[in-house]
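K.L.:
Sequences and hints are given; from them, build the entire structure.
There are 2 protein chains.
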Amino acid sequence: MNFKIKNRYDYNCLKNFSKKRGLKSSQKRMLIIDYFLKQDKHYSVDELYNHIKNKIPGIGYSTVYRTLKLLAECGIASERHFEKGFTRFEPIHKEEHHDHLICTKCSAIIEFTNQEIEKIQRKIARNFRFFVSDHKLEIYGLCSRCAKKEKNQ
Amino acid sequence: MNFKIKNRYDYNCLKNFSKKRGLKSSQKRMLIIDYFLKQDKHYSVDELYNHIKNKIPGIGYSTVYRTLKLLAECGIASERHFEKGFTRFEPIHKEEHHDHLICTKCSAIIEFTNQEIEKIQRKIARNFRFFVSDHKLEIYGLCSRCAKKEKNQ
DNA sequence: CTCATTGCAAACGATTTGCATACCG
DNA sequence: CGGTATGCAAATCGTTTGCAATGAG
Numbered sequence: 003m004n005f006k007i008k009n010r011y012d013y014n015c016l017k018n019f020s021k022k023r024g025l026k027s028s029q030k031r032m033l034i035i036d037y038f039l040k041q042d043k044h045y046s047v048d049e050l051y052n053h054i055k056n057k058i059p060g061i062g063y064s065t066v067y068r069t070l071k072l073l074a075e076c077g078i079a080s081e082r083h084f085e086k087g088f089t090r091f092e093p094i095h096k097e098e099h100h101d102h103l104i105c106t107k108c109s110a111i112i113e114f115t116n117q118e119i120e121k122i123q124r125k126i127a128r129n130f131r132f133f134v135s136d137h138k139l140e141i142y143g144l145c146s147r148c149a150k151k152e153k154n155q
Numbered sequence: 003m004n005f006k007i008k009n010r011y012d013y014n015c016l017k018n019f020s021k022k023r024g025l026k027s028s029q030k031r032m033l034i035i036d037y038f039l040k041q042d043k044h045y046s047v048d049e050l051y052n053h054i055k056n057k058i059p060g061i062g063y064s065t066v067y068r069t070l071k072l073l074a075e076c077g078i079a080s081e082r083h084f085e086k087g088f089t090r091f092e093p094i095h096k097e098e099h100h101d102h103l104i105c106t107k108c109s110a111i112i113e114f115t116n117q118e119i120e121k122i123q124r125k126i127a128r129n130f131r132f133f134v135s136d137h138k139l140e141i142y143g144l145c146s147r148c149a150k151k152e153k154n155q
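Protein sequences, first through last, are from chains A and B. Plus 2 on top of the position in the first sequence (first one is 1) and you've got the numbering used here. Plus 2 on top of the position in the second sequence (first one is 1) and you've got the numbering used here.
A hint or two may mislead.
Pairs count within a copy or across copies, as identical chains cannot be separated in the list.
[Claimed, not checked] Within a straight-line C-alpha distance of at most 30 Å, the following computed DSS-like cross-link-like pairs (lysine-lysine) qualify:
no.	residue 1	residue 2
1	Lys138	Lys125
2	Lys107	Lys55
3	Lys121	Lys150
4	Lys151	Lys86
5	Lys138	Lys150
6	Lys22	Lys150
7	Lys71	Lys21
8	Lys138	Lys40
9	Lys107	Lys71
10	Lys107	Lys86
11	Lys86	Lys55
12	Lys26	Lys55
13	Lys150	Lys43
14	Lys86	Lys71
15	Lys21	Lys153
Please keep in mind that the hints were generated in silico from the structure rather than gathered at the bench.
P.N.:
Structure, rendered in C-alpha cells:
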C-alpha cells in the first residue's frame, strides 16, 4: 500500500504494536492515521469523523473511534479531557512535552512548552515521593482575539 | 433552618446567586451543600450521592446532581475532568489556587500549591496575550505507596 | 482459509430533562 | 396561592460492543 506515516518514530510504534497484538494493516485505518497525524490538531472523534468522511467514502464512526483508541494505546496519540464532556486526541511528539492554553470562548487551543515548569514539577513530585509518568498543564481563559472582542463591547 | 454553610464567603456566593436567579432555599439542598463543603473531597456525583443517601433519606440522584451543578455555576465548586469519563466536583477555596498529583493506580488525589508555577503561568499567558481565568496543573503517576508496591513485585 | 477489520445498530454509562408532586415564602 | 425544588423515569450524549459481512496475509 502507498500510505506511509511520515514520522519514522510513529511508524515504528505502530508496527511494533501491531506485531505484538497480531493486528493486520488496513487501507482505511492507514488513511485515518495519515490524516490525523498530518493535521496535527486536537480532534474529538466526532470532529475527525466529520472531516474525514468525505475523504474516505463509506467510513464508519466506529472505525475512526477504534483507530484513535489504537493510537492512544500504542502511544502515538494521547487522550485529553479538556472542558466539556468528551475526549480529544492529539498526536504525541516524543521530542518534547507541551502544555495548553485553552480559550473558553472560541475553544482555540494554543500549545506551548516551558522548561521551567517541567523542572518545578519534578521538584514537587520529589517532595511527595511521587513517581511521575505524565502531567498536564491547562491554562483557561480568553485568547487575544476573544479578549479584544470582549473589551470592545 | 439550622443548616449553615460554615464559610462566610461561600454563603454569600450562594445567597447572591440565589437572589439573582430567583431561587428558593431548601432543606435538602442545604444539607447536600453542607456535607459537600465539610468533606472537602473530589466527589463524583455518584460518590456523593452514595455517601449522602443514608444521611438524607429519600434523596434523589438528580437533586445531588443539580446541587453540584449549581455550586459550580455560582463558583463555589469547580468541575474537574480527571482521567476517566466522569466529572468530579471540588470545593473552591478562594484564598489560594491549588493543583493536583493524581495516582493512576489507586486514584489518590494529593493537593499542593506552588507560587513559582503561578508566576510562570502568568508569564506564559502574557507572552500569548492570553487573558487567564483559571488553570489546572495535574501531575499523573504513582503515589509513594503504589510506587513501593510496584517495586516489590 | 483464517482471522482481523469494518459498518451498523444496539448497549452502555454518565449526564440531563419532563413531569407530577412536595415544599417554600 | 405562585413558583421553585424534588424524585422518578425516560431522554440524551459520548463512548463501546456484538455481529454479520468484508478484507488482508
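K.L.:
So, for every hint listed, does it hold in this structure?
P.N.:
Checked hints:
| no. | hint | verdict |
| --- | --- | --- |
| 1 | Lys138 - Lys125 | both (15 Å within a copy, 18 Å between copies) |
| 2 | Lys107 - Lys55 | within (27 Å within a copy, 37 Å between copies) |
| 3 | Lys121 - Lys150 | between (33 Å within a copy, 23 Å between copies) |
| 4 | Lys151 - Lys86 | within (23 Å within a copy, 35 Å between copies) |
| 5 | Lys138 - Lys150 | both (27 Å within a copy, 24 Å between copies) |
| 6 | Lys22 - Lys150 | between (51 Å within a copy, 28 Å between copies) |
| 7 | Lys71 - Lys21 | within (17 Å within a copy, 46 Å between copies) |
| 8 | Lys138 - Lys40 | both (23 Å within a copy, 28 Å between copies) |
| 9 | Lys107 - Lys71 | both (28 Å within a copy, 20 Å between copies) |
| 10 | Lys107 - Lys86 | both (12 Å within a copy, 24 Å between copies) |
| 11 | Lys86 - Lys55 | both (24 Å within a copy, 28 Å between copies) |
| 12 | Lys26 - Lys55 | within (22 Å within a copy, 49 Å between copies) |
| 13 | Lys150 - Lys43 | within (25 Å within a copy, 37 Å between copies) |
| 14 | Lys86 - Lys71 | both (19 Å within a copy, 13 Å between copies) |
| 15 | Lys21 - Lys153 | between (55 Å within a copy, 28 Å between copies) |
When the structure is compared with the earlier hints, no violation turns up for any of them.
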